[in-house]
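Construct the entire structure; sequences and hints are all you get.
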Amino acid sequence: MSAIQVIPINMYLLLSTVLFTIGVLGVLFRRNAIIIFMSVELMLNAINLLLVAFSSYLSDGKGQVFVFFIMAVAAAEVAVGLAILMMVYRNTKSTDINILNKLKW
Amino acid sequence: MINLVWLVPLLPLIGFVILGLFGKKLSKGLVSIIGCGSILGAFAISLGIFFQLIGQAEKSITIDLFSWITAGQLSIPFSFLIDPLSSLFLLIITGIGFLIHVYSTGYMSHDEGFARFFAYLNLFIFFMLLLVLGSNYLIMFVGWEGVGLCSYLLIGFWFKNTAYNNAAKKAFVMNRIGDLGFLLGIILIYVTFGSIAYHDVFLLAKNFTSGNPILTAITLLLFVGAIGKSAQLPLYTWLPDAMAGPTPVSALIHAATMVTAGIYMIARSNILFTLSPISMEVVAIVGVCTALFAATIGLAQNDIKKVLAYSTVSQLGFMFLALGVGAYTGAVFHVMTHAFFKALLFLGAGSVIHAMSGGQDIREMGGLKKYLPVTHLTFLLGTLAIVGFPGFSGFFSKDEILAGAFEHNKLLWFLGISAAAMTTFYMFRLYFLTFSGDFRGSKHQSDHLHESPKSMTIPLMILAGLSVVGGLVGIPKALGGTHFLEEFLSPVFEDSSFRIISHLPHETEYLLMGIAISVMAIALYFAHKVYVKNKTIPAAEGEELQPLHQLVYKKYFVDELYNTLITQPLDFISNGLFKVIDNQFVDGIVNGIGKAVNWTSSKVRLAQTGNIGFYVFVMVISIALILFTRIM
Amino acid sequence: MITTYLFYFLSFLAIMCALMVVFSKNPVHSVLYLVLTFFTIAGHYVLLNAQFLAAVHVIVYAGAIMVLFLFVIMLMNLNKDTEPHKKPWLKFSAAIASGLLLVVLVGSLKGAETIVPTNAFNPNIGLIENLGKTLFHDFLLPFEVSSILLLVAMVGAVMLGKKSIK
Chain A
1 MSAIQVIPIN MYLLLSTVLF TIGVLGVLFR RNAIIIFMSV ELMLNAINLL
51 LVAFSSYLSD GKGQVFVFFI MAVAAAEVAV GLAILMMVYR NTKSTDINIL
101 NKLKW
Chain B
1001 MINLVWLVPL LPLIGFVILG LFGKKLSKGL VSIIGCGSIL GAFAISLGIF
1051 FQLIGQAEKS ITIDLFSWIT AGQLSIPFSF LIDPLSSLFL LIITGIGFLI
1101 HVYSTGYMSH DEGFARFFAY LNLFIFFMLL LVLGSNYLIM FVGWEGVGLC
1151 SYLLIGFWFK NTAYNNAAKK AFVMNRIGDL GFLLGIILIY VTFGSIAYHD
1201 VFLLAKNFTS GNPILTAITL LLFVGAIGKS AQLPLYTWLP DAMAGPTPVS
1251 ALIHAATMVT AGIYMIARSN ILFTLSPISM EVVAIVGVCT ALFAATIGLA
1301 QNDIKKVLAY STVSQLGFMF LALGVGAYTG AVFHVMTHAF FKALLFLGAG
1351 SVIHAMSGGQ DIREMGGLKK YLPVTHLTFL LGTLAIVGFP GFSGFFSKDE
1401 ILAGAFEHNK LLWFLGISAA AMTTFYMFRL YFLTFSGDFR GSKHQSDHLH
1451 ESPKSMTIPL MILAGLSVVG GLVGIPKALG GTHFLEEFLS PVFEDSSFRI
1501 ISHLPHETEY LLMGIAISVM AIALYFAHKV YVKNKTIPAA EGEELQPLHQ
1551 LVYKKYFVDE LYNTLITQPL DFISNGLFKV IDNQFVDGIV NGIGKAVNWT
1601 SSKVRLAQTG NIGFYVFVMV ISIALILFTR IM
Chain C
2001 MITTYLFYFL SFLAIMCALM VVFSKNPVHS VLYLVLTFFT IAGHYVLLNA
2051 QFLAAVHVIV YAGAIMVLFL FVIMLMNLNK DTEPHKKPWL KFSAAIASGL
2101 LLVVLVGSLK GAETIVPTNA FNPNIGLIEN LGKTLFHDFL LPFEVSSILL
2151 LVAMVGAVML GKKSIK
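Same order as they appear, the protein sequences are chains A, B and C.
In this text, residue positions in the first sequence follow the working numbering: the first is 1, and each later residue adds one.
In this text, residue positions in the second sequence follow the working numbering: the first is 1001, and each later residue adds one.
In this text, residue positions in the third sequence follow the working numbering: the first is 2001, and each later residue adds one.
Calculated directly from the structure, the hints in this document are not laboratory data.
We put the beta carbon where it would ideally sit given N, CA and C, even for glycine.
Keep in mind that the hints are not guaranteed to be accurate.
Partial chain A-side listing against chain B, Cβ under 8 Å, derived [what the hints assert, rightly or not]:
1. Ile9
2. Met11
3. Leu14
4. Val24
5. Arg31
6. Ile97
7. Asn98
8. Leu100
9. Asn101
10. Lys102
11. Lys104
DSS-like cross-link-like pairs, simulated, lysine-lysine; straight-line CA separation at most 27 Å [unchecked claim]:
12. C/Lys2110 with A/Lys104
13. C/Lys2087 with A/Lys102
14. B/Lys1603 with A/Lys104
15. A/Lys102 with C/Lys2163
16. B/Lys1443 with B/Lys1370
17. C/Lys2133 with A/Lys102
18. A/Lys93 with C/Lys2086
19. A/Lys62 with C/Lys2087
20. C/Lys2163 with A/Lys93
21. B/Lys1554 with B/Lys1306
22. A/Lys104 with C/Lys2091
23. A/Lys102 with B/Lys1603
24. B/Lys1306 with A/Lys104
25. B/Lys1554 with B/Lys1169
26. A/Lys62 with C/Lys2086
27. C/Lys2087 with A/Lys93
28. A/Lys62 with C/Lys2110
29. A/Lys93 with C/Lys2110
30. A/Lys93 with C/Lys2133
31. A/Lys102 with C/Lys2110
32. B/Lys1160 with B/Lys1025
33. B/Lys1306 with B/Lys1533
34. A/Lys104 with C/Lys2087
35. A/Lys102 with C/Lys2086
36. C/Lys2080 with A/Lys93
Next up, the structure:
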């Protein structure tokens, strides 16, 4: 018995929209670059959830394969992103994104 | 042999590519072999084509090489037309071209730009061959422009000299004026006939009545092109200045081949011209005026090459006179004989200049007979040919032109024979001042006087031989000849033959010849009297001259006139436009736009705060707005 | 019936944990809440018959990525006191903006057409056998390319992590 047979797809849409919006809120709300990063991961996962839901709903494996690719990209992104954050921290002793404001007029 | 015609222009082109790309790395010997060899090959094939054409009945063969331009209704094949006219020009171009190439190996041997010189010469031969071989006006136009370019490059060959560069620019600009006329003529031909292939145009032209205004317009436009290229009044001033180039260039381009392109073009379009009597009159009048005008200037010039240059302009005038009175064969005949003797005279002058260590002023020459025996003899033969000494080539061709003029209009004939008399006078003046009497140059020059090397004297001898016997292909019927050339060229001009009413009676021809010979003899006597007996030497620079003499010496102040009438007003207007319209108005708009953008961006860029949180915030709001407009 | 309850339970837990990720003062807590969120999402995957994906999700996200986050935070020695905070009015406007986005997103989804599945329901597509077939049949090239991406990311991370870049 799969959840998709009893739960309407709209509920999944709503759930992933809410999760995604929480991710956006995190990006807007916090100044710590690592938390912002985690919020981005949250947004990615909201999308993953939706992909899997539709994959089940349409009985098509391709959606789940896409989730694999998103995971690969997320892993790569986290590796590089955290390395960059380490560099930033090493140079500024802070993870506050407001310090990174040199790129302006 | 005719199937090999594509090789004729291709060989010089290959020569150009090799010399142009690798010339600096090749030895001079190899450059000479490639430069001359490619032309010799083209000459051999041209000779084969010529004899095959004599032997066969079909006189007009079109050879399609490839489809060139196809756009909508317009389809222009790249094809060559072989007929008596083009094959004769092929022989002249490749034959004289080869001799001048050989001559150049000696003349240019000490020049740094040896390979460059031969590359340009080969390129010139290629374009000239394209000009005469093309089977439609567009290919002719390509060749026409190409030879203009090569002429520019070769006049300004010694590009470190500003005066030479200016001469080159002048030649180019003057030619452009003519080229515009030619191009308009081609466009009008296309609009009128729907084709620019000779075959179609001439076939359709036969349906037009004589004096049709469109044909008159076309032919006048084409003639404007010929005026520019063949240095006729009023666009002749570039040719004397073009003598800035190396002497072989003057011989090849500015005497034997390129400047006759206008005659070729009119001879090729003879049907169009025959059908528009007004244009014919214009051609004849411009021709005879040029012949007379340039001859008078030639009387008073002291630069050996300038005299020859004005002589060339004058002789070209004769050719146009012939075309204008409908003596097409005479014009082509004179192109041929003129190519022989004028190339010879220029090369002889080159040999003299070579011996004089670069001096060109005949006031400083004299008595060169002793030092340059071969040059002297060949130059004398060339002079006799150009003045029309009986039996020499110039005699027959000039006689034919004058006979044609006499038949058409007695006044034209009279002007023509006056020009011929002046030709005799200035040519012998040149000859006497250069070769007889005592040497008047500096000590340094007299120590270095020497005959030129074999590579220069052998072409001179061959050309002298041709100048002497070249007229034999056109001995008039009055003198018991068959006039081989007229027979040979008759297929080309047969459609225009209705205009040539009748040949003069033999008695009249004898009379005309007699007058021509006696006029020549009188002019020769005067020249001898003035320059040999009285040993007159032209006045030195800065000396007071009689007003008329001064006027002629200064070339009627035509250059100054053009300068005052055209160049200076143009300069004035463009200067004004530049200062007011361009500097203030156009630049104001352009700079104003730049300043406005600069100012705006200096304000707008303040929005780039560098605050990432702010950017994300704006992004989210914007996405929300975009989606919101989508659902509304 | 139990599936429905499980769904709502997991959804509630996921949203709560996600909110806690954003609102926790201590970064370490944030990380732990995010791990919890990922677990609830893995639970959703299981409910959706994507068992293999659920396992991979737990291993990759909860096991690898989040541990990486935790390491970094501990390396930097971040805690509640070092945490920078935005001004209250900025926080307020952030909440308003994201709330607006949620409303607009939901609104746009409301107007969307519902697609009807054409295939008959197949509970086995989430099995490793079927996924493998799809992955190596239809997505072979992207699969290989993503391996290059991971390699590049690895090299990049090592390069960036070095003490000094010459």
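Task: Hint consistency between C/Lys2110 and A/Lys104 [alpha-carbon to alpha-carbon, up to 27 Å] - done: The given pair, whose Cα atoms are some 40 Å apart, is violated under the 27 Å limit.
Open item on the list: A/Met11 was flagged as interface toward chain B. Is the shortest Cβ-Cβ separation under 8 Å?
Closed with: 20 Å, violated
- [ ] For the pair supplied as a hint, A/Lys93 and C/Lys2110, confirm whether the alpha-carbon distance does not exceed 27 Å.
- [x] 46 Å, violated
Open item on the list: Checking one constraint from the list: CA of A/Lys104 to CA of C/Lys2091, max 27 Å. Satisfied?
Closed with: Answer holds: A/Lys104 to C/Lys2091 is near 23 Å, not above 27 Å.
Task: A/Ile97 as an interface hint toward chain B, with CB separation required under 8 Å - done: 5 Å, holds
Open item on the list: Against the 27 Å threshold, does the CA-CA distance of B/Lys1554 and B/Lys1306 hold or violate the hint?
Closed with: 12 Å, holds
Task: Proposed proximity, C/Lys2086 with A/Lys93 (alpha carbon, max 27 Å) - done: Holds: A/Lys93 and C/Lys2086 sit about 18 Å apart, inside 27 Å.
Task: Satisfaction of hint between C/Lys2086 and A/Lys102, Cα-Cα up to 27 Å - done: Holds - the C-alpha atoms of C/Lys2086 and A/Lys102 are around 19 Å apart, at most 27 Å.
Task: Pair hint A/Lys102 and C/Lys2163, alpha-carbon separation not exceeding 27 Å - done: 23 Å, holds
Open item on the list: Does B/Lys1169 sit within 27 Å of B/Lys1554, going by the straight-line distance between their CA atoms?
Closed with: 21 Å, holds
Open item on the list: For A/Lys62 and C/Lys2086, compute the direct alpha-carbon distance and say whether it is at most 27 Å.
Closed with: Given pair A/Lys62, C/Lys2086 is violated - Cα atoms ~42 Å apart, limit 27 Å.
TODO: With a cut-off of 8 Å on the beta carbons, see whether A/Ile9 makes it to chain B.
DONE: 19 Å, violated
Checked against the numbered hints above, the structure violates hints 1, 2, 3, 12, 17, 19, 24, 26, 29, 30 and 31; every other hint is satisfied.
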